[in-house]
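A.B. asks: Keeping the supplied structure of chain A fixed, place chain B upon it in accordance with the hints.
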Amino acid sequence: MTLAPPTRAPERSPARRAVRVGPFSAVYRPRQLAVPVAVLAALVVVSALNLGRGDYPISVPEVLGTLVGAGDDTQRFIVLELRAPRIAVGLLVGVALGVSGALFQTFARNPLASPDILGVTGGAAVGAVGVIVLGGTGAGALLGGVGIPAAALLSGLLTAGLIFGLAWRKGIDGYRLVLVGIGLAAFAQALIAYLLTRSDINDAAAANVWLTGSLNGRGWDQAAPLALALVVLLPAALALSRALGVLQFGDDTARALGVRVGPAQGVVVLVAVALAAFAVSAAGPINFVALVVPQVALRLTGGSRPPVVASALLGALLLIGSDLVARTVLPDSFPVGVVTAVVGAPYLLWLLVRGRRRSTL
Amino acid sequence: MAQRTATAVPSAAAEPRRGLLHGAFTRTLGLWLLLALTVVACVLSITVGTRSIGLGTVWQALTDASTPGDETLIIRELRVPRTLLGVLAGVSLGVAGALMQGHTRNPLGDPGLLGVTAGASFAVVLSIWLLGLSTPGGYVWFALVGALLGSVTVYAIGSAGPGGSTPVTLALAGAALTALLYALIQAITIRETTALDAYRFWVVGALAGRDAEVAAQVAPFIVVGLVLALVNAPALNLLGLGEDVARGLGTRIWLARSVGLASITLLAGAATAACGPIVFVGLVVPHVARAVTGPDHRWLIPYSALLGAIFLLLADVLGRVVARPGELQVGIVLAVVGAPFFIALVRRRKLAAL
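Protein sequences, first through last, are from chains A and B.
Those letters in the first sequence? Residues 1 to 361, per UniProt numbering, in order.
Those letters in the second sequence? Residues 1 to 354, per UniProt numbering, in order.
Isolated chain A, as found in the complex (with noise of 0.2 angstroms):
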């Protein structure tokens, strides 16, 4: 097979210790406890200065305080019923686009397969944009029934089913895979792009704002679905962690294994396209995050491929970290999907340059 991420074999140690508890052991690898343990205590202290900042800033401890019953009704109001459903809908979405980027490179054994490149993403935009443009009209009354997170979960799906259905000839090959996605997301631009001219401004403003991947505005309303998503997905993820790690072995030596490859790789692909159209039904389809955070991660944690855990948890504090800099130190509600555009890009494109090791990447 061909994709090979820049994936370091874990170094043989002599002093790495088991742990054994009845049938069951596992290899004791400090910095794969240490780093999410790090990433976690760093995602309470950036969302207490997510939750105090803004135009009517709080201090941390007040924060903490509010959100344990002290605090005046103005500060309860706003951290309780402004601050914190917002946070909430970017920690999801960030766990739900970290666990979705890892599931997708471990299973393409590439580093570039991510829904956003892939142009999953984009064909949940088709969905939510048909349903902002046609949605008051007759054709599109029945979309617009249906809601826009629906609709980009809907579409979302399909275009997942269209892109494995083209890149597949005698199973999958990540290259071709990633390809089949830039042709479709080229596809899924166009749409967009010809259904924004249908509409009229407001619709196509408000189009468009959702276009770029935003908070602004998210509350329970978003993160009720999203969070209710987590609990079935995210254990599934976990759990088929053990069967991605022996497919990263390749997909004969897999089966020599034990593993049904094709039912493993059917479900590993169904979760992680599901936590990808989850999150863009909430948030809209925020760039770069499902591609940037599992390598991180993976270089972080040292291990061979991307960890899910450590994945989700970076997912979460790189979507709060850039929606606090978009919040606070751009000028008036910019949408977040442009701040973690403008840091995941480079690095894509930093990807590209140094991360290949043989002429086919």
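Covered by chain B, according to a simulated footprint, are these stretches of chain A (three or more residues, beta-carbon under 8 angstroms): (1) 109-119; (2) 201-211.
Here are some chain B residues pointing at chain A (derived, C-beta under 8 angstroms): (3) Leu113; (4) Val168; (5) Thr169; (6) Ala175; (7) Ala176; (8) Ala183; (9) Thr193; (10) Leu196; (11) Val279; (12) Gln329; (13) Gly331; (14) Ala339.
Label pairs and their in silico Cβ distance ranges: (15) B/Val231 - A/Trp350: 31 to 39 angstroms; (16) A/Thr253 - B/Val152: 39 to 47 angstroms; (17) A/Trp350 - B/Arg347: 24 to 32 angstroms; (18) A/Phe249 - B/Glu243: 33 to 41 angstroms; (19) B/Trp59 - A/Trp350: 58 to 66 angstroms.
FYI, nobody ran anything at the bench for these hints, they're computed from the structure.
Glycine included, C-beta positions come from ideal geometry on N, C-alpha and C.
C.D. replies: Coordinates of chain B only, in the frame set by chain A:
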């Protein structure tokens, strides 16, 4: 993977590298045939539209400007400029695609996919936003600079590092740069609704609604670009043998590359300034042309030029017919036609072979 590359190269070499037509005479004949087809496409583009106008009336309107009636106006003010622009843009994009595929040795080469049009688009949006420009004549210079920066960036990134450029790295570098530039475009258009209003109609890629002046403004750039492309053809043939061989045969590599880059920039930049980003013409046309002529760029470039014009005009006519009484912009029609072609190309195994 090394193994696959090793097996893919001989099989590609074993493939017949010659096109359908051999010999100067048959190829010249083919060129005349394409020219005739281009004329037919022009006639279709002038006569077919939302409003059906008889051939006699069309002729009358074309030959005699003083003929009274709306129809004369429609023909002379709308359809003729539109057709003219279609020919110019089609020729430009077809040739730009052929040059890109030749220089990068990348079967997925297309100005729209390799960041050239994204660069031009970003520069155009900047000019709309910062300078309040609103005509293609005003932002053609910006589009050219943007196109140049876009193509240089993508090629530099795609070929940096060990191993040089491959179809995959170039396509990915193009996708990455495009994503970044579109995010920045969005950052601008979110804040400036007036810029969004101008931008959203330009960005679909259309021939409609541009007057004859637009064609006149971009024509000089396109003519220079075409001359450079033809000058570049023999050197490009030698470069196809590999840079070392080409150097051994006396080609000045940097000169050949610079002429090619200048030509691509002029052609793609001017076409983008006039019509907006149009993807996939530059991808599809050279493949069709190569199937007819084989890999000799002295023939491939003129064939790509005429095929590009025919392809773009027919797509534009199709857009007027399928969505009556409204119409589909040509950029949309091309995406619908081009995306499946791209995917079919990707599904063929020998991606590295061109």
